[in-house]
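There are 2 protein chains.
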Amino acid sequence: MRAFFTGRYLALLASCGVMVSAHAQQTPQPSLPDPAATTVQAMGWMQGFPPAPDKLITFDNPVGNAYPRSRWTFSHIRELVPTANVWRGPGNPVALPQALRDLDGVRFKALGSGEELSFGESLARNYTDGILVLHQGKVVYEKYFGELKPERPHIAMSVTKSFVGTLAALLAHEGKLDPEAAVTRYLPELKDTAYADATVRQVMDMTIGVRYSEAYADPKAEIWDYARAGGMIPQGRDYAGPKSFYEFLQTLQKEGPHDQAFAYKTVNSEVLAWILRRVSGQSLAQLLSERIWSHLGAEQDAFFMVDRTGTESGGGGLNTSLRDLARFGEMMRNNGQANGQQVLPRAVIDDIRTGGDPAKFAKAGYATLPGWSYRNMWWVSHNAHGAYSARGIHGQTIYIDPKAEMVIVRYAAHPVAANAAIDPLSLPAYQAVAETLMRK
Amino acid sequence: MRAFFTGRYLALLASCGVMVSAHAQQTPQPSLPDPAATTVQAMGWMQGFPPAPDKLITFDNPVGNAYPRSRWTFSHIRELVPTANVWRGPGNPVALPQALRDLDGVRFKALGSGEELSFGESLARNYTDGILVLHQGKVVYEKYFGELKPERPHIAMSVTKSFVGTLAALLAHEGKLDPEAAVTRYLPELKDTAYADATVRQVMDMTIGVRYSEAYADPKAEIWDYARAGGMIPQGRDYAGPKSFYEFLQTLQKEGPHDQAFAYKTVNSEVLAWILRRVSGQSLAQLLSERIWSHLGAEQDAFFMVDRTGTESGGGGLNTSLRDLARFGEMMRNNGQANGQQVLPRAVIDDIRTGGDPAKFAKAGYATLPGWSYRNMWWVSHNAHGAYSARGIHGQTIYIDPKAEMVIVRYAAHPVAANAAIDPLSLPAYQAVAETLMRK
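One line per chain: the protein sequences are V and W, in this order. Following the working numbering, the numbering of the first sequence begins with 1 at its first residue and continues without gaps. Following the working numbering, the numbering of the second sequence begins with 1 at its first residue and continues without gaps.
Take these hints with a grain of salt, some might be off.
A pair holds if it fits inside one copy or across any two, identical chains being indistinguishable in the list.
[What the hints assert, rightly or not] When the alpha-carbon atoms are kept at most 25 Å apart in a straight line, the in silico SDA-like pairs for lysine to any residue are as follows:
no.	residue 1	residue 2
1	Lys440	Val81
2	Lys243	Thr309
3	Lys440	Gly105
4	Lys55	Ala99
5	Lys243	Asp54
6	Lys254	Pro50
7	Lys176	Gly137
8	Lys440	Pro33
9	Lys191	Thr368
10	Lys55	Val81
11	Lys191	His382
12	Lys243	Gly64
13	Lys440	Leu56
14	Lys55	Arg278
Hints are computed from structural coordinates only; laboratory data are not their basis.
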């Protein structure tokens with residue numbers, strides 16, 4: 001379960017009959033609820049003015065907002081919490097060219113079980129809210145299910161981290177940020193924390209030894225403290241803990257050495273986001289808009305969840321439309337170019353694609369990701385296609401396959417947070433779609 | 001002070017040396033703070049990551065967020081509270097044609113005092129955040145001060161009401177809403193309230209006898225209960241009152257007869273917004289997007305503040321960019337047309353322009369608005385130019401002058417809420433600008 005999460009969506013997992021494993025290494029085999037019976041329409045969430053009390057979803061819901069409420073909340077985050085806008089810029093949207101194909105019948109074998117099924121079948125089984133496949137820059141497949149609409153932003157969860165890592169790589173390339181420098185060169189506020197003797201590079205690649213657990217089955221795990229501090233779950237009446245991301249980050253203590261192993265911890269992304277603000281003098285929302293979002297021909301603004309001080313969650317708070325996420329993925333695949341413009345230097349893309357150290361990654365024991373690595377907050381497969389990915393809990397994905405000239409973006413509301421539970425029906429499906437597209 | 005207000009912006013008025021009159025009828029003569037010394041830059045609000053504790057603005061600020069903090073908050077509402085998006089639609093923005101003129105030197109005499117000053121001088125004196133003048137559909141003047149940017153939405157306060165009233169007039173024109181029907185035909189939930197024997201028309205024109213005070217100098221006034229119920233100010237630790245706009249509206253009791261006099265009360269707009277949702281089956285944000293906002297060639301999405309149930313504030317929660325507000329005003333001036341499309345039927349515009357009953361309006365005693373009336377939640381001057389206006393506290397305005405073919409939109413953060421304090425330097429200035437433009 002080493003993935004960003006927002007606790008309130010998960011508090012009820014147990015009551016949904018979902019077993020949540022505390023370790024990503026083992027693929028959970030939960031008894032999953034019926035996707036069709038738990039759509040927003042079927043459940044009747046938020047219908048009417050006002051909705052019936054038992055169909056009302058509020059931030060401070062005492063029973064939490066876990067699945068199946070998440071099928072509504074993931075597409076309505078800004079109606080629940082404060083947010084910061086990521087402006088799409090002054091230009092016109094640039095339409096994505098279309099070359100639609102029927103990919104529903106593409107068949108593949110699930111990881112682990114070996115069950116054979118079709119791409120179309122896998123989408124419902126994986127609680128997909130929306131999926132879009134680009135091939136050679138053209139939309140070959142685009143579907144929305146349930147509450148997601150083409151124009152409506154969906155929470156990207158930890159896909160957010162890859163935006164933060166990309167911006168850090170960009171500023172490093174421009175000489176504005178030194179990855180080899182100590183974190184405290186930029187953030188002296190962290191001198192008494194786990195980050196006191198860490199470098200920026202270690203943060204970018206998540207090889208930090210910090211006492212911070214993302215095992216959200218454990219109510220005492222630090223992820224709960226993180227989410228509460230950032231206002232992502234209610235703080236409760238007598239809360240006396242940190243009241244912002246910045247305050248929380250200053251409480252983190254060391255656990256083990258740095259630079260030994262990949263250890264996926266959301267707080268590293270928050271530290272990196274803080275460094276970006278300090279270096280650029282801009283908020284994360286401004287920086288993302290100015291350097292990336294306003295150059296994509298995006299249809300919609302994006303936005304971040306913010307804490308009570310207006311500070312964006314760089315660990316999991318980004319929300320975008322599916323199409324705009326595809327535009328970003330296509331710019332990455334296209335070596336940093338979009339609409340005739342070099343948005344990111346090719347060297348930044350190459351650095352991400354080359355990946356990190358698979359040996360350090362292997363120590364984290366991700367069963368569904370053998371031979372992968374982590375670099376600049378991207379997941380790099382090192383497979384024959386050179387695929388790399390941004391990944392967020394509950395199934396959020398950017399999957400870039402350079403050899404197949406393919407980008408898949410997917411938003412979802414899977415009842416299980418960990419991608420280890422979702423990969424078996426998605427990674428081999430993406431590979432099969434890639435091979436189909438390559439055959440044409 | 002008969003205007004929508006968000007209490008947290010006002011709690012500190014006293015400590016700013018501003019006298020707040022409880023009655024709009026008398027022009028307050030407060031000792032006003034220096035506009036230049038209280039800009040966001042001069043005050044240092046929200047600079048740095050994180051801002052210094054005394055420069056930090058949060059929703060739950062124990063000292064409130066009154067002026068001068070409002071010079072920041074009015075342009076950053078969505079970073080403080082949950083919001084609902086008003087989509088600009090799938091099309092490209094349609095640029096406003098430009099024909100810039102120097103209007104700074106236009107001279108006029110202030111209402112009441114007779115002081116002579118220039119239009120340019122009046123803008124700082126009125127704590128303007130941004131102002132845009134259209135003449136014959138072209139931008140002749142556009143200025144931003146302080147924190148407002150062309151692309152950044154600003155809170156429209158009670159200008160919101162005019163959008164709600166326009167939508168109601170539209171649905172009435174289409175036969176979907178009967179203004180002569182009882183409110184309870186649409187909202188049986190209000191059968192035990194002040195609205196039990198009221199008609200929709202009385203709500204649209206604010207001639208409702210309801211016990212509800214907007215005298216925000218009085219901490220026991222119902223406006224505080226309204227704002228707390230809607231989550232626009234903190235509810236406080238031991239709050240046990242209504243927790244949504246809908247719950248609050250069901251508590252309202254009668255005070256005097258209906259249909260006798262204009263009585264400006266924000267709750268009427270909330271009732272009308274509720275009726276619109278019930279009749280259309282859409283949220284207010286969806287309805288505004290579908291029927292108006294997506295047809296203007298808007299540059300930006302707009303948004304509403306929402307309560308904990310996701311219900312928009314139809315009384316004062318709309319936020320728009322200044323240019324998009326101008327596009328809306330121009331569509332109104334242009335008899336409902338925008339970009340070659342009839343967005344609103346001409347009959348709807350005519351009904352608004354014709355106005356309400358000046359005799360009923362006169363009973364409310366607005367000293368700065370002699371001979372005016374109120375219709376469909378618009379303020380109608382009945383002057384020689386046939387000017388009509390949308391008005392929100394602290395200086396928010398759409399001012400449409402059909403004879404001069406002029407639209408002025410203005411966002412501001414005046415320390416005093418009541419437009420009675422702001423009109424003396426704005427209404428005669430607008431008239432002088434109109435006369436200048438007519439002379440060409």
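Hint check:
1. Lys440 - Val81: Neither. Shortest intra-copy (45 Å) and inter-copy (49 Å) distances fail the 25 Å Cα cut-off.
2. Lys243 - Thr309: Both: 9 Å inside a chain and 24 Å across chains, each within 25 Å.
3. Lys440 - Gly105: Answer is within: at 14 Å inside a copy they meet the 25 Å cutoff, but 68 Å across does not.
4. Lys55 - Ala99: So Lys55 and Ala99 fail the 25 Å test inside a copy (40 Å) and across (52 Å) alike.
5. Lys243 - Asp54: Close across copies (16 Å), not inside one copy (30 Å); limit 25 Å.
6. Lys254 - Pro50: Intra 48 Å, inter 23 Å, cutoff 25 Å: inter-copy only.
7. Lys176 - Gly137: So Lys176 and Gly137 fail the 25 Å test inside a copy (32 Å) and across (45 Å) alike.
8. Lys440 - Pro33: Classified as neither: same-chain Cα gap 36 Å, cross-chain 70 Å, threshold 25 Å.
9. Lys191 - Thr368: The answer is neither: 37 Å in one copy and 60 Å across copies each exceed 25 Å.
10. Lys55 - Val81: both (19 Å within a copy, 22 Å between copies)
11. Lys191 - His382: Neither, since 36 Å and 67 Å both go past 25 Å.
12. Lys243 - Gly64: both (20 Å within a copy, 18 Å between copies)
13. Lys440 - Leu56: neither (47 Å within a copy, 57 Å between copies)
14. Lys55 - Arg278: between (43 Å within a copy, 17 Å between copies)
Hint check: violations occur at hints 1, 4, 7, 8, 9, 11 and 13; the rest are consistent with the structure.
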